[in-house]
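Enquirer: These protein sequence lines map, in sequence, to chains C and V.
Be aware that the first sequence starts at 1, since it is given in UniProt numbering, and climbs by one per residue.
Be aware that the second sequence starts at 1, since it is given in UniProt numbering, and climbs by one per residue.
Honestly, the hints are just simulated from the structure, not real lab data.
Among the clues, some could well be false.
Below, in silico cross-link-like pairs of lysine to any residue (SDA-like), each with a Cα-Cα straight-line distance of 20 Å or less [said to hold, decoys possible]: (1) V:LYS90 <-> V:SER78; (2) V:LYS95 <-> V:PRO75; (3) V:LYS62 <-> C:LEU25; (4) V:LYS41 <-> C:SER101; (5) V:LYS41 <-> C:TYR24.
Residues of chain C placed beyond 10 Å of chain V at every Cβ, according to the derived structure [as the list claims (entries may be wrong)]: (6) LEU25; (7) ILE40; (8) MET44; (9) ALA73; (10) VAL120; (11) ALA170; (12) ILE193; (13) ALA267; (14) PHE353; (15) PRO409.
All C-beta atoms, glycine included, are put in the ideal place defined by N, C-alpha and C.
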Amino acid sequence: MNKFMDMLENVLMPVADKLNNNRYLTALRNGFMVALPLIIFGSMFVVIANLPFLDELIGEEAFATYQDLLGPASASTLSIMGLFVIMGIGYKMVEQRGGESVYGAAVAVASFLILTPQVVEDTAGGIPTNVLGAEGMFLGIFTAFFAAEIYQAFVKRDLTIKMPAGVPDAVSRSFSALIPIALTLTIFLVVRIIFGFTPFETVQEFIYTIIQEPLTALGSGLPATLIAVLLIQVFWFFGLHGQIIVNSVFDPIWYALNDQNLSAYQAGEELPNIVTKQFIDTFIVGIGGSGMTLAVLIAILLVAKSRQLKEIGKIATPPGIFNVNEPVIFGLPIIMNPLVIIPWLLAPVVVAFVTYMFMSVGIVPRPAGIIVPWTTPVLLSGYMATGNQIMGAVMQLINMAIVFIIWLPFLKVMDRQYYDNEQSEK
Amino acid sequence: MKKILLACSAGMSTSLLVTRMQEEAESRGLEAEIWAVAQDKAPEDMKKADVLLIGPQMRFMKKKFSKVADEVGIPLDSIDPVAYGRVDGKAVLDKALELIDG
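Just chain V, same shape as in the assembly (with noise of 0.2 Å):
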């Protein structure tokens, strides 16, 4: 089971992203738990987390989020603008399953 984490500034555009990278992953037959949280919310759900990914408008908070992730002990990266505006599930979960596998 892969947990992956997306967080932007409301969680709003990084759910479009969660839908599509579901599909991705139902497809591949990839047991995964996707999810998208307001930024202010994923201090805490980076608990559950085993990845971070950011949407790339927010990649100023990845030195804040970086601490967090050291002490939780998971990747952390943001999202490849171009991928972010095609909405690219697969690019978007290649990465993260690539940030897991570490």
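Next comes chain C alone, as it looks inside the complex (with noise of 0.2 Å):
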């Protein structure tokens, strides 16, 4: 077993190292907590403007008045989240090369748009708010990498003006950004021409049609949501940051499904999508943390006979109502111990599955597209998540009982160990 478990380290600590020090992997990643507040900021604004029976408190009329009045706090933020997503990506691969960053958020930005349609309803000097959302959100990324790098690549030739000595330092670096971003931005203008004479008219659709909807529609898929959600437990098995590494590659497709249930939740229409980002944050990771450990945590305060459990306990459900589950994968210990591997294992592949299948017949109404903060206590979380909806909350209490049960069993063997060494012990 031992011999087993240190191979399979031996394999993963290089996945996880590629991952998360990979440059672009890195800036998508920080990118994403740049927009992140803001996100937030709109989802709660979306959650405030849909409370529960206000329609009927003060009449149809004046709630319209009411979600309008609301609208622009999600219309702002949450809705044309891409465009914060690459401004922070444009930044962070700046940053990394060690050069002016806020020029990397903008050349990122401005390229991005240069490549944007620039019609809305056959009228022109619009720019369609849709493709700021999800739609643009894969070009985005790879705009906002590219231009990062072309801008970066400019000024290291050293393509800038030199200013005479005397001229004020800021005057002199607002010249030395102006030969990198306008050759970088040329360069992004002739790629739209050259698109316009291609079937796809502008490089938004060739991206969206070539790499987003095949990667969103398998990324949505239950095969694809299982495996995700399977690396992330046996990535922590090894005491390594599961969520941290999956997600870096994953939260691009789960945020612009995400982004396709909130405008239709908003535009009243059929939720398109049972995985989300909110799907995997608040069904499956937001019980606890990662691996649902609140529902572990419970079991233990229920049964746990032995020391060393019983203090487990006591630690660990303070933050794990939060979400903050390091006490318990360490403290147990969950990370390389034989014992719990198959209830870590398992139990979250089967609330996904059991999750998705609650959510496709409907039973369970799906993620409307919410972004609540991760630290959102479990029940309040599903609540939010699924657009104020009681039954969010109950699909969390099943998901818990489903915790309960897989790893009771393993809980008491464990606990038995504990106790019979802390008695011999004595």
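Put the two chains together into one complex, using the hints given.
Expert: So, in structure tokens, the structure goes:
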């Protein structure tokens, strides 16, 4: 067993290392972090705008006015999150290279806008907001990568205007960015023009059809989701932060799916996707953290006799309520512990499967595209993520029960062992 | 004044440890500034710290942080998983001081 574990760790460590130290994936992850406060702000206002029973309380008409008044909060943040992700990626890419990062953000956004259709319903001079949200996300990510790289390459080749000594620093800095930015944007303009002659007409359309649609279709399916969930657990079993590793690949897909649901939700249409960012964050991870350890802690609090498990229950429950579970993972311990490998790997996969089924037959509403902060306690998060639906919280309760049942026999064996050891030590 | 920086994915689980380490430092009468940050903020904050400790779940970032640590000239290591699980402020504070004294 030990040999096998060593072997697996030798495989996983380099993968984790590669994924996390890859410049592009790092910029992507940190770029999303730039957008996150805005996304959460917008989400909270979607929740407030859709408070239950309010339409009956104040009347349909007043409710419509109320929603209109709050609309801009999410329309300017959550619905155009792609824009902020692009800004974040451009900034972080140039920052990594030690350049002036704010120009990285500017050049990324401008390049993206150059590639974007600038016609809304046949009226020129407008930019459709849907391409600034989920639809343009993949193009935005790639554009930000390329724009920042090209800009930085031009800066490096010193294609800058040198100012004579005595010119104020801020002035010469603004000129130093001029040539690299102008050259970068020209390249993107040429790309736009070339694509105008293809059947796709715009780069947006091209990336959407060739990359985004197939990838999101794959990512929204049950098999890919179960694999992602399982991978998160496998990484964590070796004490590596599975979520941060897997998310850096899946986040663009999950967020794009999320945004599709949000648009449908706000338009009052049927929600197209089951798997979204919030499907993972609320119904699988959001129950005490990766591996849904809050249910494990409840089991410990109810049945544990050994001092060691009781102690873990005491230390780990308060942070566990807010989905911080490192004390359980390292304290129980879960890492490298053959006793818990079965429930640890199995429970989240079963939960993902059951949740998917419940949502696909419509017993439980699908996530409405609202991004709930990951530290939101269970039940509240399920309620909010589904657009203020009690059934969202009920689904989380069912999931907790599943985890509890799968874990219980293994916990009892573990508790027995610890207890016997403690007795014999006395 | 010892300045100890902790980093994990979001700075959440390490902040649990920060509280315990502060209590421990206080009881020893040790003057210390101890704080936790998310991994993307770590390189920036390393400039203000005497030592960096990484949550064990982020130990794959050690190589990347080592480069920055060398530049600013501070030691770093990942936290022992057992001490991390027990939120053992005493053990981790000892480790930090040991690294600073190098």
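Enquirer: With reference to the structure, classify each hint as holding or not holding.
Expert: Here is what the structure says about each hint:
For the given pair, V:LYS90 sits about 16 Å from V:SER78 by alpha-carbon distance, which is consistent with the 20 Å threshold. About 11 Å separates the Cα atoms of V:LYS95 and V:PRO75, which keeps this hinted pair within 20 Å; it holds. Restraint check for V:LYS62 and C:LEU25: the C-alpha separation of about 17 Å stays at or below 20 Å, so the hint holds. Between V:LYS41 and C:SER101 the CA atoms are separated by roughly 15 Å; this keeps the pair inside 20 Å, and the hint holds.
Proximity of V:LYS41 to C:TYR24 is assessed by CA-CA distance (about 17 Å); at most 20 Å being required, the pair is judged to hold. For C:LEU25, the shortest C-beta to C-beta distance to chain V comes to about 12 Å, beyond the 10 Å cut-off, and the non-interface label holds. Distance to chain V confirms C:ILE40 as a non-interface residue, since its nearest Cβ pair spans about 13 Å, more than 10 Å. Against the 10 Å criterion, C:MET44 stays outside the reach of chain V, whose nearest CB is about 19 Å from its own CB.
Every C-beta of chain V lies more than 10 Å from that of C:ALA73, the closest at about 25 Å, which supports listing it as non-interface. At roughly 36 Å, the least C-beta separation between C:VAL120 and chain V is larger than 10 Å, which holds for a residue marked as non-interface. Non-interface call for C:ALA170 relative to chain V: holds, since the shortest CB-CB distance, roughly 22 Å, exceeds 10 Å. The Cβ of C:ILE193 lies farther than 10 Å from every Cβ of chain V, with a closest approach of about 37 Å, so its non-interface assignment holds.
Taking the minimum C-beta to C-beta distance to chain V, about 33 Å, the non-interface status of C:ALA267 holds against the 10 Å cut. Every CB of chain V lies more than 10 Å from the CB of C:PHE353, the least distance being 26 Å, so the non-interface label holds. Interface exclusion of C:PRO409 from chain V stands, the closest Cβ pair being 23 Å apart, more than 10 Å.
Violation of the numbered hints given earlier is absent; every hint is satisfied by the structure.
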